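Put the complex together from the two separate chains, hints included.
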Amino acid sequence: MILDCDLLIGRDIVYGRSVGAEELDARLTEAGIAGGAVASLRALLFDAPSGNDEARVAAAAHGWLPVAGVDLRDALGAEREIERAAEIGIRLMRFASTREGVAGGAPRIRLLARAAAERGLTLLVEGSVPEVAGAFMDLGASVVFLDLHFYDLGEFVLLARQEPGFHTSTRLMGGPDAWETVVGELGAERLVFGTRAGWFEEESVLYRLGTARLSVTDRQLVTAGNLERLAGVGA
Amino acid sequence: MIIDVHGHLGPWFFSPYGGTASDNLRIMDAYGIDIQLVSGSEAVTYDPTTGNAAVAREIGDQPRLRGLFVIDPRNLAAAEKQLTELLPTGLFVGAKIHTHYSATPTGSPAMADALRLCAQAGLPVLVHTWGREILDLGTTVDSVDGVHAIAAHLAGPDWRLAPEAASRSDRLWLEPNYSVAESGRLRWVLDRVDPRRMLFGSDSTLTDPGVTLGALHAARLSQEEERLIMSENAAQLFALDVGAFDA
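Each protein sequence line maps, in turn, to chains A and B.
Residue numbers for the first sequence, in the working numbering: 1 to 235.
Residue numbers for the second sequence, in the working numbering: 1001 to 1247.
Okay, chain B solo, but in the shape it has when bound (with noise of 0.2 Å):
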């Protein structure tokens, strides 16, 4: 079983393809993915009020697409207006932050109190990191106390970061997507680190599954590993009913 913590929904600005649920869906099936945990790309890039709620329309009648709510911590009245007409729908599971598009360190006081708000809705939160800031989301995550957050990207090229990273907090979590990633990388991270930290994600539909399905193949995964980065992690982490897609 494969669970994606790391999806979008929506069109990208990158490529010229629709992106409706079933883009997501052939892609998933294309590499064996059971439930994917989806953002709005227009809630990334553009508007996070406009994006989640198409992204709820969207995977309404969509059981394997489940919502990440897209906060922006500059603007936090809005996602907690919002949270209390999308969280009763069930359809959202996560939140997601974009430290870049929203301009927000991860350093940050904004940072802590969009985390205390993830906190308090009960959703564990995917960051973006990027370089050294992934540090400084260990240190903000143990600084609130009750929140559970999975650095995406690893600080893509700053990947050797990710261990100290995690060291600064027990509710921080790895994900490994990277575009160009340098081989070797996540065999690396994985000896340091313990795998019940690391969740597997795509990037889909920005990017093909299959960049970080091949870096993970290529980690040579134990049996145990496996399990748990693929799916164990995730179902535990997002408390996913995983026992329609376990058969």
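Next up, chain A with everything else stripped away, as it sits in the complex (with noise of 0.2 Å):
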């Protein structure tokens, strides 16, 4: 079974289209991709509490896992839709700091990451981990950085050693050997599947997958392990 870690549905206004649930169930189904992890670009880009309301529908109707969103640009809407996602039962939250135009070192992020950390959510992060990871450092959080580039794994590396629960999406990594390297440096435990299907080339991560030099074991930890764990799934 593969699960993805990046979905997302809505409409992107610098892409100019709109990517709704029903086509990203067609076009997951057709991948070989049975879920995932499903976020509302409305809730990053326009109103997180209907947004992830949103968000919420579809993966009930789909079988997905629902994540929340939080605009950061309003750090303290932010604030209640962390509290509202935790007692409700979410369990991941993304944060979009560089699609939402808010510098990553902004101080309001590692508050908020802080406070999603202390109530045991799993954070999906968006943006270059050079210019994002630093605030989300030494606070025990459980972070999926979606945006790795592969040019920056080395970075990576030497930070996740330092972070036990830092993991990367498998999207950008398209060097050669860059799952390998993941897996060989960190544990398979540290690499999660996910492609931002309807957005970006899934094709071009699953082709990655079929050539990935990875155990029966690995392949199953990144494929769908990870999220199920990060997500509490069976907890």
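There may be inaccurate statements among the hints.
Derived DEER-like restraints, expressed as beta-carbon distance ranges [claimed, not checked]: (1) R1057/B with S18/A: 45 to 55 Å; (2) T1084/B with A26/A: 33 to 43 Å; (3) G1032/B with Q162/A: 39 to 49 Å; (4) E23/A with D1194/B: 28 to 38 Å; (5) D1191/B with P107/A: 42 to 52 Å; (6) V57/A with R1220/B: 24 to 34 Å; (7) D138/A with Y1101/B: 36 to 46 Å; (8) R119/A with S1222/B: 46 to 56 Å.
Rather than coming from a laboratory, the hints here were simulated on the basis of the structure.
Predicted, not measured: the structure shown is a model, and the values here were computed from it.
Ideal Cβ positions, reconstructed from N, Cα and C, are used throughout, including at glycine.
Set out below in structure tokens:
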């Protein structure tokens, strides 16, 4: 089974197009991806409460894991959404500072990340790791970096050795041996399958999966087990 | 059959592995790539003269790897001198110009001079393009008689400019590698550009070939598009003898 940690529904004003839940579901089915963790672009870009409700409805309808997004431009609103997500049992929270035009080093990000970590939420974090990762260090936070590019993999390994809760998505791990480097240096528990299907070419990540030199056990962790653990599935 | 027109040979500062010809071949075998055209990572990022020589040494006994001779447009005298030594080896079937490392815009007179050298040497040239420089490349190529150029990366994030660039010269081809590609990009381009103008390129060993192969798969190529893009266009443009690989 393959699960995608990086699913998005809604409209992206920069891309100029939308991906609805039904379209995404069809796309995942065609690609052989069973589901994953879905967030709403409406929550990240326009209105967090209604967007997060939209993601929860879509997740329930399709058997996906719901992700609550915060709009970091509205720090107080983000604080409320973290509390609301925790109260209703959401386990995954998405931060998208770069998409929202908020500097990765803005103090609010660290404070909100701490609040989320204290509530046991796993953070799915967009943005260049050299620019955004510092805000999540030394919090004991569980984090999946969704936009780690293989150019920065060495830095991530150094970081993740200090931060046992740091993980990376596979989406931009498009360097030869990048997946194997994560597994060899940090363990398969730190690599989480993600494609951002519908926005990024999921086939590119699936091609890489097809040639990845992973044991059967490690492959299961990467493609599904790690995300299920982070989302508290079966806990 | 698969011909990869955008390969590299040598170590990269992004990853720890060695960067030998055997690394290229291992990755090619993983994806069924038969022939790869390679420029030296040393030649692109550090010194064309020593880097081109290193490629010549490494591929001499590797018929699946053919060279792209790296040219720094700011030092054409050095390129001309080395070409007289390396062209007779038959190891180099094309050229490579990286606009950023050589700090040479595609619309500059220096770029036109470099393309002229490629034309004189009979070498099709792969030119790194990022952003709007792809448009200037189309214009410059059209102004240089006899040159055949390939716009690498489809301008990266500005891939929507690729059809306009291709329209500026019928001697400009397109290569689609881009490691952070938006979905649907290649189908969009191929709906606007003749498939005889696109060539498969992976940017391996910097980028895993699966990135571009997956994107091409997502474009749902017709049989004709696949034949042209994956091998036939490259074999024709670079005059490659593919008989031994075409069984």
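Each hint, compared with the structure:
1. The supplied range of 45 to 55 Å is met by R1057/B and S18/A, whose beta-carbon atoms lie about 53 Å from each other.
2. Range check, T1084/B to A26/A: Cβ separation about 58 Å, and the 33 to 43 Å hint is violated.
3. The hint said 39 to 49 Å for the Cβ distance between G1032/B and Q162/A, and at roughly 40 Å that hint holds.
4. The hinted window of 28 to 38 Å between E23/A and D1194/B holds, with their beta carbons roughly 30 Å apart.
5. Against the hinted window of 42 to 52 Å, the Cβ-Cβ separation of D1191/B and P107/A comes to about 47 Å, which satisfies the hint.
6. A C-beta distance of roughly 31 Å is found between V57/A and R1220/B, which places it inside the suggested range of 24 to 34 Å.
7. Between D138/A and Y1101/B the beta carbons are some 37 Å apart, a value that agrees with the proposed interval 36 to 46 Å.
8. At about 52 Å, the beta-carbon gap between R119/A and S1222/B stays in the expected band of 46 to 56 Å.
The structure fails to meet hint 2 from the earlier list, while all remaining hints are met.
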